[in-house]
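Enquirer: Chain residues, written in single-letter form:
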Amino acid sequence: MSTFIEKLGNLDRRVIFVLMALAVIIPLALRMNLPIPIDQGPSMDLYNMIDALPEGSRVLLSFDYDPSTMPELQPMAIALVQQLMTKDIKIVSMALWPMGVSLGNEALIAVSDSLGREEYVDWVNLGYKTGGGVLIVRLGSDIKSVFPVDYDGNSIDDMPVMQGVNKLGDLDMIISLSAGEPGIETWVMMAGDRYNLPVGGGCTAVSAPQLYPFLATGQLIGLLGGLKGAGDYETMVRVGVENPPPGIAIAGMAAQSVAHLVIMLFIIIGNIAYLSEKKRKGGAK
Amino acid sequence: MRLAIPLMITFVAGMIMILQFFVPATQPMGDSLQEWYMIVASAAIFLGAVNLIQVHTHKIRFKLKNWKYSPVTLIGFAVMIITGLVFGIEADLPFDYLFQQMVAPMAATMFSLLAFFVASAAFRAFRASNWRATLLLISAFVVMLGRVPIGSMIWNKIPLISEWIMQYPNMAGQRAVMIGAAMGMVATSLRMIFGVERSYLGGAD
Numbered sequence: 020m021s022t023f024i025e026k027l028g029n030l031d032r033r034v035i036f037v038l039m040a041l042a043v044i045i046p047l048a049l050r051m052n053l054p055i056p057i058d059q060g061p062s063m064d065l066y067n068m069i070d071a072l073p074e075g076s077r078v079l080l081s082f083d084y085d086p087s088t089m090p091e092l093q094p095m096a097i098a099l100v101q102q103l104m105t106k107d108i109k110i111v112s113m114a115l116w117p118m119g120v121s122l123g124n125e126a127l128i129a130v131s132d133s134l135g136r137e138e139y140v141d142w143v144n145l146g147y148k149t150g151g152g153v154l155i156v157r158l159g160s161d162i163k164s165v166f167p168v169d170y171d172g173n174s175i176d177d178m179p180v181m182q183g184v185n186k187l188g189d190l191d192m193i194i195s196l197s198a199g200e201p202g203i204e205t206w207v208m209m210a211g212d213r214y215n216l217p218v219g220g221g222c223t224a225v226s227a228p229q230l231y232p233f234l235a236t237g238q239l240i241g242l243l244g245g246l247k248g249a250g251d252y253e254t255m256v257r258v259g260v261e262n263p264p265p266g267i268a269i270a271g272m273a274a275q276s277v278a279h280l281v282i283m284l285f286i287i288i289g290n291i292a293y294l295s296e297k298k299r300k301g302g303a304k
Numbered sequence: 015m016r017l018a019i020p021l022m023i024t025f026v027a028g029m030i031m032i033l034q035f036f037v038p039a040t041q042p043m044g045d046s047l048q049e050w051y052m053i054v055a056s057a058a059i060f061l062g063a064v065n066l067i068q069v070h071t072h073k074i075r076f077k078l079k080n081w082k083y084s085p086v087t088l089i090g091f092a093v094m095i096i097t098g099l100v101f102g103i104e105a106d107l108p109f110d111y112l113f114q115q116m117v118a119p120m121a122a123t124m125f126s127l128l129a130f131f132v133a134s135a136a137f138r139a140f141r142a143s144n145w146r147a148t149l150l151l152i153s154a155f156v157v158m159l160g161r162v163p164i165g166s167m168i169w170n171k172i173p174l175i176s177e178w179i180m181q182y183p184n185m186a187g188q189r190a191v192m193i194g195a196a197m198g199m200v201a202t203s204l205r206m207i208f209g210v211e212r213s214y215l216g217g218a219d
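Taken in sequence, the protein lines are chains A and B.
For any residue, its number in our numbering is found by taking its place in the first sequence, counting from 1, and adding 19.
For any residue, its number in our numbering is found by taking its place in the second sequence, counting from 1, and adding 14.
Calculated from the structure, these hints are not laboratory results.
Bear in mind that the values here come from a model prediction, so they are computed numbers and not experimental data.
Built from N, CA and C at the ideal position, the CB exists for glycine as well.
Be aware that a few hints might be false.
Looking from chain B toward chain A, a few residues come up when the C-beta cut is under 10 Å (computed) [stated by the list, open to error]: (1) 80; (2) 120; (3) 138.
FRET-style restraints, in silico, Cβ to Cβ [claimed, not checked]: (4) 52/A - 33/B: 54 to 62 Å; (5) 200/A - 210/B: 23 to 31 Å; (6) 171/B - 259/A: 24 to 32 Å; (7) 135/B - 259/A: 22 to 30 Å; (8) 56/A - 78/B: 51 to 59 Å; (9) 56/A - 77/B: 39 to 47 Å; (10) 47/A - 104/B: 41 to 49 Å; (11) 197/B - 225/A: 23 to 31 Å; (12) 20/B - 208/A: 55 to 63 Å; (13) 100/B - 225/A: 51 to 59 Å; (14) 37/B - 259/A: 50 to 58 Å.
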């Protein structure tokens, strides 16, 4: 018995990799769907805040991530854009990360086409500029001096969506989808606190714990943390929608559930082997 | 002089940025410095690109360790620059196609590999060796279960306990770290403005 446990403790890492791959692939291949319960929490706070905005409000949506974190953040982007466009809220988007522009554009175009919204009237993508926190401070005094043209090179003066929007204070809310710095924290410090604007956001699961202090103080009005946050949001946005499109995050939650169970199982096996070895060594003494 | 001029620039720029919060007359100067910062930061992207080319051509030329990957980097770099300059960067053009179909999936794949390493590392290193490690282990289990639907299927209170861990013990720790880091940042900034900390000058004494 002890030999078996010892063998288990020295499990080849390739076995772990294969089991981990199967734990992810099988639920996705079988299109497993687990019910996602929506409780009162940071995800619902963000949903309610956007839901309370009147029609025609203007929201700045910042895509502060790159493709490496796309599996977690892109479903959030799509669900948020869906909610904003369905409610006829105008979107002024930009990015503090260079590769976030294209990812944001993809989400905006896909949802805009499906809902029949018009670029420059209902939404605009201003693009990327370097500078992080300093850039945000400049946007606070004059957006047009930082972004005279949008991502496609068109002057923002002529765009209906930008009429009356000269500085951050002219917007009703800021949402940052962030994979690190510059991101949510920068928006909270440089825009939320300075110009008294509500800031919400979405981030990767690993960075969510760092942002909880901002939730407690109300500096951050809501937060989508990792795939769970994206799954929560997809579920909320789909309520009351007839034949909603398949949710990417909802599908991923089943795979993540099984993957978490497999990791926990490995930890338990590792600990059984460790305790058994400790006991054996203790007995030998 | 080599030392005095950079120290003087740092002092003046730093003081303007602090004073602009308290003296309205210094606000325009602060705005100008912020614009300069953005111009300098943009120029740094160009320098980064030049540096990338230099590093990899050097590796190829002298056949340094892992030099075989360098041509891939340089070719990828050149292809993205050429398609961007020739066709533009708007949606549905070659640059965007390459980004969406190659860069995005490859970057996502690299990040996804973490799951395998996390599983392997957790198996080997996450041990209940003492009561503190055991507490950490239990907290990790609760949060892991609370973050997935299967957790509430096992017991509907797990997500609530997970959220409590995030909102109280986690937040207390995070706040302590944040406040400590912020104090350190203020202290380091003041040391740099007043010329006490000079390591950013590249080791000049």
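Enquirer: Please write out, lowest number first, the hints stated earlier that are contradicted by the structure.
Expert: 1, 7, 9, 10, 12, 13
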